[in-house]
Amino acid sequence: MKEAWDPLQARDLAIGHAGNVLADRINLSLPAGELTALLGVNGVGKSTLLRTLAGLLPPMGGQVLIGGSPVQALSAHERARRMAVVLTGRPAGMLDVETVVALGRQPWTNRWGRITPADRAAVDRAFDLAAAQDLRHRTLATCSDGECQKVLIARALAQDTPVMLLDEPTAFLDLPNRAAVVRMLRGIAHGQRKAVLFSTHDLQLALDLGDRMMLLCAGGALWQGTPQEAMASGVLAQAFNGSGVVFDAATGTHRFTG
Amino acid sequence: MRGKGLWLVFFALAGLVLATVGLVVGSADLSLHQVGEALAGRGEETVRMIVLQVRLPEVLTAAAAGAGLAASGLLMQTTFHNPLAGPGVLGLTGGAAVGVALVMLASPLWQALPVSRDLLAMAAALAGAMAVLLLITVADRRVGDGVTLLILGLMLGYLCSALISVLQAASEAGALKGFVLWGMGSFGTMGLHRLPWLLVPVAAGLLLALTLVKPMNALLVGEEHAASMGVEVRRVRRTSVWVTGLLAGTITACCGPVAFLGLAVPHVARAFLRTADHRLLMPGTILLGGTLALACDLVVRMPWAGGMLPLNAVTSWLGAPVVLWVLLSGKNWFRR
Numbered sequence: 001m002k003e004a005w006d007p008l009q010a011r012d013l014a015i016g017h018a019g020n021v022l023a024d025r026i027n028l029s030l031p032a033g034e035l036t037a038l039l040g041v042n043g044v045g046k047s048t049l050l051r052t053l054a055g056l057l058p059p060m061g062g063q064v065l066i067g068g069s070p071v072q073a074l075s076a077h078e079r080a081r082r083m084a085v086v087l088t089g090r091p092a093g094m095l096d097v098e099t100v101v102a103l104g105r106q107p108w109t110n111r112w113g114r115i116t117p118a119d120r121a122a123v124d125r126a127f128d129l130a131a132a133q134d135l136r137h138r139t140l141a142t143c144s145d146g147e148c149q150k151v152l153i154a155r156a157l158a159q160d161t162p163v164m165l166l167d168e169p170t171a172f173l174d175l176p177n178r179a180a181v182v183r184m185l186r187g188i189a190h191g192q193r194k195a196v197l198f199s200t201h202d203l204q205l206a207l208d209l210g211d212r213m214m215l216l217c218a219g220g221a222l223w224q225g226t227p228q229e230a231m232a233s234g235v236l237a238q239a240f241n242g243s244g245v246v247f248d249a250a251t252g253t254h255r256f257t258g
Numbered sequence: 259m260r261g262k263g264l265w266l267v268f269f270a271l272a273g274l275v276l277a278t279v280g281l282v283v284g285s286a287d288l289s290l291h292q293v294g295e296a297l298a299g300r301g302e303e304t305v306r307m308i309v310l311q312v313r314l315p316e317v318l319t320a321a322a323a324g325a326g327l328a329a330s331g332l333l334m335q336t337t338f339h340n341p342l343a344g345p346g347v348l349g350l351t352g353g354a355a356v357g358v359a360l361v362m363l364a365s366p367l368w369q370a371l372p373v374s375r376d377l378l379a380m381a382a383a384l385a386g387a388m389a390v391l392l393l394i395t396v397a398d399r400r401v402g403d404g405v406t407l408l409i410l411g412l413m414l415g416y417l418c419s420a421l422i423s424v425l426q427a428a429s430e431a432g433a434l435k436g437f438v439l440w441g442m443g444s445f446g447t448m449g450l451h452r453l454p455w456l457l458v459p460v461a462a463g464l465l466l467a468l469t470l471v472k473p474m475n476a477l478l479v480g481e482e483h484a485a486s487m488g489v490e491v492r493r494v495r496r497t498s499v500w501v502t503g504l505l506a507g508t509i510t511a512c513c514g515p516v517a518f519l520g521l522a523v524p525h526v527a528r529a530f531l532r533t534a535d536h537r538l539l540m541p542g543t544i545l546l547g548g549t550l551a552l553a554c555d556l557v558v559r560m561p562w563a564g565g566m567l568p569l570n571a572v573t574s575w576l577g578a579p580v581v582l583w584v585l586l587s588g589k590n591w592f593r594r
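Those protein sequences? They're chains A and B, same order as listed. Residue numbers for the first sequence follow the numbering used here, so the first one is 1 and each next one is one higher. Residue numbers for the second sequence follow the numbering used here, so the first one is 259 and each next one is one higher.
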């Protein structure tokens, strides 16, 4: 049964910054319980789209609806109760992992950030879901890039929101860690009935593990569909072909040519 | 967290001990009993005079100034994601010094005003610090990168000292000496009647700093993450900057441009508490700031110093090595 509102929608959205529109007339919808991959070549506006959806950048036109309400009309606090965001770059500082993950409870704690037993339980659940229990008593400075990514995802999970947006969570990771992170996101989307969107350059991971794909093409058009549809439609070939990459629609794989 | 909380108790106790020593030791050595009697309003007239009019104000000034400068240093370091941020480095004290110089060195300008010079100097110092803050906030919105901002602060500091040197060259010897002495910093010039001018704004600033503990923690994982966790980043940044201005401006007006306490104390507190969590670090920094300022004040007042040791010489000898140690030992808690 389809719910009245998908947790996150965009209507006639135009994105960009400093007066430059990167893409416009974007209509999209993130359903609960599905993992969506956002692809596109460098500079096409993936990060801008993600940040605009997250309410961190103002839309240049149209609107982003979260649970049916325009994201710009929500206070940062209300927004944080509905949507968690993981961005690239690792936080600096002498913080232990447990404290970082507990920061995810901020939208739910009192003005001093006091952690109640209920918050403690949510943090514990987040550590379980992110498979990060073993990192709990480490400091962030001692974590590898992959571990750090897990910690940031656990923090977003502790926020306990119906929507999760992640900007290139697999950047800087080796192959096994990339697979592990995306499999974890898929498990979270399916198991927790969350709408999860992640941007990536990892076409194969998106095709193999994503429920849905969004392809932001140069010129600002946004293609949406399932991985199967993406392979069948030739849109991938169109987006990535040329400049040394050949896409084979029959097998759903790409090759690099000399 | 609980074990680390013991450090806070330790800092507070050390502060109390140093404050007591500060009341007892001085040019005239008093006994603990005499000090107690004087504080209770009994005992010899001269002893009461020394304790209540001279030593108590000095001890309270040192504690308040140290706590306030340390808190403002921590606020700046977290807000600008920069371990070298502090009221001195960002040009705040320079701005305050220009304000004070205008009042102390260009006195003919103010003769007509029916306000006391002390009060005027204080208002001017606050205005100077706030003006620099305003520039820093505007610039921060444009450049957004910590190093550029620090360089901007340093340059503003140079501009301020250039302006001051022009005023100095044109002023007469008496005023000049007064200003130079102010520039060396001192906790001993407040006196009982002027004490509220320092204590009230500093208390307000410290309370506000404590209310920022939760958003400051969120800022540690980056501004955008903080925003996604419900922090109104702009508002918090603005509050943090104005609280710093209030604290550093007031303290500079009252005690002169005290060097290094704001920059160094948060690092010492982090080294003890081994955390960047502001729920511990903010109260820890405040207590340690007060305590270390009391220690510096005691050194300044040591009988062998003969009252010739400027406060800034002492705080710099304490602070500069700490900053070097932070940079060279890899104990920079901001590293990625």
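Don't take every hint at face value.
Here's a subset of chain A near chain B, in silico, CB distances under 7 angstroms, partners left out [what the hints assert, rightly or not]:
1) Leu56
2) Pro58
3) Gly68
4) Ala76
5) Val85
The following label-pair restraints were derived from C-beta to C-beta distances [as the list claims (entries may be wrong)]:
6) A/Thr116 x B/Leu371: 51 to 57 angstroms
7) B/Leu392 x A/Asn20: 27 to 33 angstroms
8) B/Leu392 x A/Ser75: 43 to 49 angstroms
9) A/Asp145 x B/Ala420: 44 to 50 angstroms
10) B/Trp455 x A/Thr116: 40 to 46 angstroms
11) B/Lys262 x A/Phe172: 29 to 35 angstroms
12) A/His77 x B/Asp287: 25 to 31 angstroms
13) B/Trp455 x A/Ser144: 36 to 42 angstroms
14) A/Ala141 x B/Ala462: 53 to 59 angstroms
15) B/Trp583 x A/Asp145: 27 to 33 angstroms
16) B/Val405 x A/Phe172: 19 to 25 angstroms
17) A/Pro70 x B/Arg496: 22 to 28 angstroms
18) B/Trp455 x A/Asp128: 42 to 48 angstroms
Selected chain B positions facing chain A (Cβ under 10 angstroms, derived; list incomplete) [unchecked claim]:
19) Glu295
20) Gly480
21) His483
22) Arg528
23) Arg559
24) Pro561
By construction, these hints were calculated from the structure, which means they are not laboratory data. Yeah, the Cβ is synthetic: ideal placement off N, Cα and C, and Gly gets one too.
Hint check:
no.	hint	in the structure
1	Leu56	holds, 5 angstroms
2	Pro58	violated, 12 angstroms
3	Gly68	violated, 19 angstroms
4	Ala76	holds, 5 angstroms
5	Val85	holds, 4 angstroms
6	A/Thr116 x B/Leu371: 51 to 57 angstroms	holds, 55 angstroms
7	B/Leu392 x A/Asn20: 27 to 33 angstroms	holds, 30 angstroms
8	B/Leu392 x A/Ser75: 43 to 49 angstroms	violated, 26 angstroms
9	A/Asp145 x B/Ala420: 44 to 50 angstroms	holds, 47 angstroms
10	B/Trp455 x A/Thr116: 40 to 46 angstroms	holds, 41 angstroms
11	B/Lys262 x A/Phe172: 29 to 35 angstroms	holds, 32 angstroms
12	A/His77 x B/Asp287: 25 to 31 angstroms	violated, 57 angstroms
13	B/Trp455 x A/Ser144: 36 to 42 angstroms	violated, 53 angstroms
14	A/Ala141 x B/Ala462: 53 to 59 angstroms	violated, 35 angstroms
15	B/Trp583 x A/Asp145: 27 to 33 angstroms	holds, 29 angstroms
16	B/Val405 x A/Phe172: 19 to 25 angstroms	holds, 23 angstroms
17	A/Pro70 x B/Arg496: 22 to 28 angstroms	holds, 25 angstroms
18	B/Trp455 x A/Asp128: 42 to 48 angstroms	violated, 55 angstroms
19	Glu295	violated, 41 angstroms
20	Gly480	holds, 6 angstroms
21	His483	holds, 6 angstroms
22	Arg528	holds, 6 angstroms
23	Arg559	violated, 35 angstroms
24	Pro561	violated, 41 angstroms
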